[in-house]
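Visitor: Keeping their order, the protein sequence lines are chains X and G. Counting in this note's numbering, the first sequence runs from 1 upward without gaps. Counting in this note's numbering, the second sequence runs from 1 upward without gaps.
Any given hint could be a false lead.
As the list claims (entries may be wrong) - Once the Cα atoms are required to be at most 35 Å apart in a straight line, the calculated DSBU-like pairs of lysine-lysine come out as: (1) X:Lys434 - G:Lys328; (2) G:Lys328 - X:Lys430; (3) G:Lys328 - X:Lys216.
What the hints assert, rightly or not - Derived Cβ-Cβ restraints for the label pairs, each shown as a range: (4) X:Asp287 - G:Lys146: 54 to 62 Å; (5) X:Ile494 - G:Glu339: 54 to 62 Å; (6) X:Gln514 - G:Lys10: 36 to 44 Å; (7) X:Asn576 - G:Arg331: 32 to 40 Å; (8) X:Pro274 - G:Lys220: 52 to 60 Å.
Calculated directly from the structure, the hints in this document are not laboratory data. Where is the CB? At the ideal position from N, CA and C, for every residue including glycine.
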Amino acid sequence: MSATATLSVSTSGRKVQEVESITIRFAGDSGDGMQLAGTQFTNVSAIMGNDIATFPDFPAEIRAPAGTLAGVSGFQVHFASTDIHTPGDRLNCLIVMNPAALKTNLKDLEDGGVLIVNSDSFGPNDLNKAKYKVNPLEDGSLKGYRVIRVPIDKLNRESVKECNLSPREADRCKNFFALGLVYWMFERPMDATLKWIKDKFSKKIDVLEANTRALKAGYNYGETVEAMPVQYRVAKAKIAPGTYRKITGNEALAMGLVAASQMAEKQLVFSGYPITPASDILHQLADMKNFGVKTLQAEDEIAGVGAAIGAAYGGAIGVTATSGPGICLKAEAIGLAVMTELPLVVINVQRGGPSTGLPTKTEQADLLQAMFGRNGECPVAIIAPQSPGDCFDMAFEAVRIATEFMVPTFLLSDGYIANGAEPWAIPDVKKLPKISIVHPTEPNSNDGTTHENGTEEPGKFLPYKRNPMLVRPWAVPGTPGLEHRIGGIEKQDITGNVNYEPANHEHMVHTRAQKVANIAQTIPDLVIEGDQEGDLLLIGWGGTYGSIATALQRARRKGTKIGQIHFRYLNPFPKNTSEVFKRFKKFLVPELNSGQLLLLLRAMFLIDAKGLNKVQGRPFLVSEIEEAIEKAIA
Amino acid sequence: MAVTALPTLKPQDFASDQEVRWCPGCGDYSILAQMKKALTTVNFPREKMVFVSGIGCSSRFPYYMNTYGFHTIHGRAPTFATGLRIARPDLQVWLVTGDGDGLSIGGNHLIHALRRNVDIKVLLFNNEIYGLTKGQFSPTSRLGTKTKSSPQGSVDAPVRPLSLALAAEATFVARTMDMDPNHLTGILHRAAAHKGSAFVEIYQNCKIFNDGVFDYVTDKSSKADNALFLEQGKPMIFGKDRNKGIRLNGLNPEVVTVGKDCGVDDLVMHDEKTESATMAYLLSRMMVPEFPEVFGVLRQVSHPTHEELQAKQAEEATARRGKGDLDKLFRNDDLWVVE
Ligand code: SF4
Numbered sequence: 001m002s003a004t005a006t007l008s009v010s011t012s013g014r015k016v017q018e019v020e021s022i023t024i025r026f027a028g029d030s031g032d033g034m035q036l037a038g039t040q041f042t043n044v045s046a047i048m049g050n051d052i053a054t055f056p057d058f059p060a061e062i063r064a065p066a067g068t069l070a071g072v073s074g075f076q077v078h079f080a081s082t083d084i085h086t087p088g089d090r091l092n093c094l095i096v097m098n099p100a101a102l103k104t105n106l107k108d109l110e111d112g113g114v115l116i117v118n119s120d121s122f123g124p125n126d127l128n129k130a131k132y133k134v135n136p137l138e139d140g141s142l143k144g145y146r147v148i149r150v151p152i153d154k155l156n157r158e159s160v161k162e163c164n165l166s167p168r169e170a171d172r173c174k175n176f177f178a179l180g181l182v183y184w185m186f187e188r189p190m191d192a193t194l195k196w197i198k199d200k201f202s203k204k205i206d207v208l209e210a211n212t213r214a215l216k217a218g219y220n221y222g223e224t225v226e227a228m229p230v231q232y233r234v235a236k237a238k239i240a241p242g243t244y245r246k247i248t249g250n251e252a253l254a255m256g257l258v259a260a261s262q263m264a265e266k267q268l269v270f271s272g273y274p275i276t277p278a279s280d281i282l283h284q285l286a287d288m289k290n291f292g293v294k295t296l297q298a299e300d301e302i303a304g305v306g307a308a309i310g311a312a313y314g315g316a317i318g319v320t321a322t323s324g325p326g327i328c329l330k331a332e333a334i335g336l337a338v339m340t341e342l343p344l345v346v347i348n349v350q351r352g353g354p355s356t357g358l359p360t361k362t363e364q365a366d367l368l369q370a371m372f373g374r375n376g377e378c379p380v381a382i383i384a385p386q387s388p389g390d391c392f393d394m395a396f397e398a399v400r401i402a403t404e405f406m407v408p409t410f411l412l413s414d415g416y417i418a419n420g421a422e423p424w425a426i427p428d429v430k431k432l433p434k435i436s437i438v439h440p441t442e443p444n445s446n447d448g449t450t451h452e453n454g455t456e457e458p459g460k461f462l463p464y465k466r467n468p469m470l471v472r473p474w475a476v477p478g479t480p481g482l483e484h485r486i487g488g489i490e491k492q493d494i495t496g497n498v499n500y501e502p503a504n505h506e507h508m509v510h511t512r513a514q515k516v517a518n519i520a521q522t523i524p525d526l527v528i529e530g531d532q533e534g535d536l537l538l539i540g541w542g543g544t545y546g547s548i549a550t551a552l553q554r555a556r557r558k559g560t561k562i563g564q565i566h567f568r569y570l571n572p573f574p575k576n577t578s579e580v581f582k583r584f585k586k587f588l589v590p591e592l593n594s595g596q597l598l599l600l601l602r603a604m605f606l607i608d609a610k611g612l613n614k615v616q617g618r619p620f621l622v623s624e625i626e627e628a629i630e631k632a633i634a
Numbered sequence: 001m002a003v004t005a006l007p008t009l010k011p012q013d014f015a016s017d018q019e020v021r022w023c024p025g026c027g028d029y030s031i032l033a034q035m036k037k038a039l040t041t042v043n044f045p046r047e048k049m050v051f052v053s054g055i056g057c058s059s060r061f062p063y064y065m066n067t068y069g070f071h072t073i074h075g076r077a078p079t080f081a082t083g084l085r086i087a088r089p090d091l092q093v094w095l096v097t098g099d100g101d102g103l104s105i106g107g108n109h110l111i112h113a114l115r116r117n118v119d120i121k122v123l124l125f126n127n128e129i130y131g132l133t134k135g136q137f138s139p140t141s142r143l144g145t146k147t148k149s150s151p152q153g154s155v156d157a158p159v160r161p162l163s164l165a166l167a168a169e170a171t172f173v174a175r176t177m178d179m180d181p182n183h184l185t186g187i188l189h190r191a192a193a194h195k196g197s198a199f200v201e202i203y204q205n206c207k208i209f210n211d212g213v214f215d216y217v218t219d220k221s222s223k224a225d226n227a228l229f230l231e232q233g234k235p236m237i238f239g240k241d242r243n244k245g246i247r248l249n250g251l252n253p254e255v256v257t258v259g260k261d262c263g264v265d266d267l268v269m270h271d272e273k274t275e276s277a278t279m280a281y282l283l284s285r286m287m288v289p290e291f292p293e294v295f296g297v298l299r300q301v302s303h304p305t306h307e308e309l310q311a312k313q314a315e316e317a318t319a320r321r322g323k324g325d326l327d328k329l330f331r332n333d334d335l336w337v338v339e
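Modelling step: build the complete structure from the supplied sequences, incorporating the hints.
Guide: This is the structure we're talking about:
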């Protein structure tokens with residue numbers, strides 16, 4: 001909680017502390033409904049006018065044995081009266097439903113933070129499963145925190161006992177009890193969640209009633225029981241006017257793709273194979289068939305990309321999405337799309353690797369894979385959204401670049417922004433840019449005969465005859481007179497015929513590279529945030545924007561001459577990149593990998609940049625970047 | 001629907017300007033020639049025909065056709081063809097593959113394209129060898145086949161393409177051969193007319209690395225005794241003297257001599273339209289020398305295609321929710337207004 005808290009007295013006569021921002025985490029067994037509680041809390045906070053950022057954290061196992069350390073699931077919400085960019089470093093409040101959740105999450109709670117504990121779940125068996133030898137509630141190890149022991153199991157069962165539920169079903173309401181309690185503590189109204197329960201369980205009246213009662217019972221417990229030390233108030237944030245919703249990165253990607261296809265007046269064909277954390281994009285799009293979206297749940301990752309390329313060949317917007325291991329499998333087909341110069345959007349929601357790695361954790365370690373991970377010289381366009389909401393704009397850009405340049409375009413998201421949420425200003429549909437796509441209908445050469453009246457006899461269609469940006473025409477099957485063949489064998493420029501000549505191959509390698517380089521002429525320049533020149537430039541890309549931007553603000557308050565750039569376009573880089581580098585003395589590149597952007601920048605711009613690298617499957621804490629800044633300028 | 005007369009095309013109208021580069025004497029030449037002939041009679045606009053292929057000798061096929069063509073990567077042709085058909089149900093999509101491309105590296109995709117009943121006409125040129133990589137044994141090579149990679153003979157049991165297609169729920173399953181132009185043209189024609197995924201195995205002679213492997217069915221001297229040509233509604237009769245037939249003994253087919261072992265009425269009548277694939281499966285497993293090998297259409301049933309089912313869902317979704325409206329989509333969650 002911020003240091004500038006003020007105290008006042010609430011209507012209930014209880015102390016109310018005004019704070020700028022709160023970071024809270026719900027943690028429990030993966031069957032305890034913590035993701036749901038966190039999501040509801042987020043929605044209500046957003047509706048109340050706070051700025052929000054969230055971070056769900058779930059285990060790789062769908063149902064690890066109940067109560068074990070491997071089965072702990074958490075959901076973190078940061079809400080504030082100021083502009084925030086991250087889900088928060090340290091927790092002000094932690095709710096734990098069992099000892100395993102306590103053990104895995106306590107280290108993130110600030111000293112003196114509020115710890116709400118479900119005291120009913122600290123029996124010998126529960127402690128044993130969490131590998132506690134002595135009960136932490138009784139050995140004094142929690143004395144640095146404000147511990148609130150609530151017998152949640154018992155109180156919850158009591159509150160729903162008239163609802164005609166089995167004991168198991170009754171216990172499933174306890175997340176709502178906990179949520180109610182926290183709503184009281186942070187002065188959140190219950191109506192939005194009550195309405196949600198009503199809509200969600202309209203067909204299961206008993207469950208509807210029970211969850212309603214549990215939520216209210218939790219709230220009332222906070223109000224009536226002396227155990228709760230204080231209430232907290234977080235005022236509305238000053239946010240740009242508009243209508244807002246909460247959006248996750250994956251939701252924004254799905255919407256951005258559909259919006260782009262509509263603005264291009266093209267059919268969207270999405271084909272993918274289920275993989276964490278990208279599957280949600282498939283789920284979302286599969287439910288948008290009334291937009292003319294077609295989805296294919298392919299038999300494997302290769303088929304996922306193959307069908308997308310096939311669709312693109314047919315004139316649709318072909319998209320596939322996966323995570324790192326899936327990209328490995330798709331690599332050969334992406335090479336074919338580079339060779340045949342077809343538009344293709346490839347989304348990689350990055351996770352911890354190598355191999356299966358950390359499927360549910362975040363990492364930014366696939367940049368070099370996107371850049372170089374195919375045989376031969378095989379350049380693609382690469383872009384990366386910097387926040388959940390930015391996924392919408394960048395999905396749109398991916399479609400724009402792929403179709404305008406007839407080139408596979410990688411969009412690198414990551415587990416952190418894919419599942420994380422932030423407020424999103426609903427865009428004005430009328431102001432969305434058009435994407436203009438033209439398919440040729442006539443041959444693009446003449447056969448050399450000129451008639452007396454000056455008209456020329458149409459000749460053949462030349463599939464690799466390029467425009468000034470070096471882009472070939474997107475002629476689609478079904479067009480009479482333009483029948484032609486494409487394929488993965490090297491081809492002669494202009495005619496597209498199979499060709500093995502050495503000089504032609506070199507020419508084509510350079511041409512494909514130059515075409516990708518030409519994209520730079522259509523993308524925005526880098527904008528420096530903070531000082532426009534100075535001692536240190538922070539350089540980031542992708543999902544780390546929020547942490548770096550927050551660290552920048554803090555460093556500038558301390559008087560450091562420091563700027564920040566964030567690459568949303570990684571291949572090609574924006575035109576003014578080297579010009580920006582000339583304005584700073586030192587460069588710090590924070591990345592959730594061992595230095596991949598760093599390697600590219602040092603190689604391509606010859607700058608003596610230093611990396612700040614973290615590969616723990618978790619996002620940066622702002623404090624980690626702050627420390628690195630201090631070291632860098634010392 | 002108004003019937004618009006299409007221009008009458010000749011086989012040579014389907015020839016591209018590319019030089020054909022198969023080895024002299026390769027069975028692929030005959031298939032290419034019959035394909036051009038068959039397409040003149042399918043009554044479909046040429047610009048809406050697409051040939052998709054993978055990698056291998058057979059997969060060069062699209063380059064030689066004056067239609068749209070996409071030469072893709074090894075084994076994956078069904079995936080590209082599937083995406084193409086999903087995007088463009090108005091196109092006629094042919095897929096040319098071989099025993100290595102379609103049954104080894106691409107076996108998985110073939111199975112799934114067939115079971116989805118995507119409207120693709122799959123032509124599997126089976127020459128029981130890897131030609132383009134210069135003569136290794138393939139997944140259809142017979143046990144003991146001696147090649148550079150199996151100097152003592154291959155030890156892997158071969159896959160039977162027709163059995164695999166049936167197991168994958170293909171709605172059209174047929175076999176033909178490069179050396180019987182009329183039969184080949186007829187089968188191609190029927191594959192073109194089928195709605196749904198069609199699977200055609202074509203025995204194809206690789207002159208260079210596996211010459212003569214199908215002589216027992218293609219050679220005049222032994223063809224009649226080793227090849228059984230299936231005809232819808234007709235008893236299964238074969239042999240030089242047209243006196244041999246197939247009878248069912250419980251669940252086992254057996255070769256009988258008509259007039260000696262039984263009468264014509266005791267023979268199996270061919271019915272490609274039965275929903276059950278059991279008889280077709282039994283036929284797919286018959287091999288020389290115990291049995292004749294079957295040619296013709298083993299199975300042809302009518303099921304909705306993947307594309308039709310997708311279109312139906314799109315219609316239903318639109319009827320239920322109205323045509324997609326971006327503004328509505330953006331707002332389909334809790335909203336709040338900041339002033
Ligand atoms: S290697 Fe065999 S299959 Fe390939 S082109 Fe030559 S003869 Fe035909």
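Visitor: Confirm or reject each hint.
Guide: Hints and how they fare:
no.: 1; hint: X:Lys434 - G:Lys328; result: 19 Å, holds
no.: 2; hint: G:Lys328 - X:Lys430; result: 13 Å, holds
no.: 3; hint: G:Lys328 - X:Lys216; result: 32 Å, holds
no.: 4; hint: X:Asp287 - G:Lys146: 54 to 62 Å; result: 56 Å, holds
no.: 5; hint: X:Ile494 - G:Glu339: 54 to 62 Å; result: 58 Å, holds
no.: 6; hint: X:Gln514 - G:Lys10: 36 to 44 Å; result: 43 Å, holds
no.: 7; hint: X:Asn576 - G:Arg331: 32 to 40 Å; result: 37 Å, holds
no.: 8; hint: X:Pro274 - G:Lys220: 52 to 60 Å; result: 54 Å, holds
The structure shown violates none of the earlier numbered hints.
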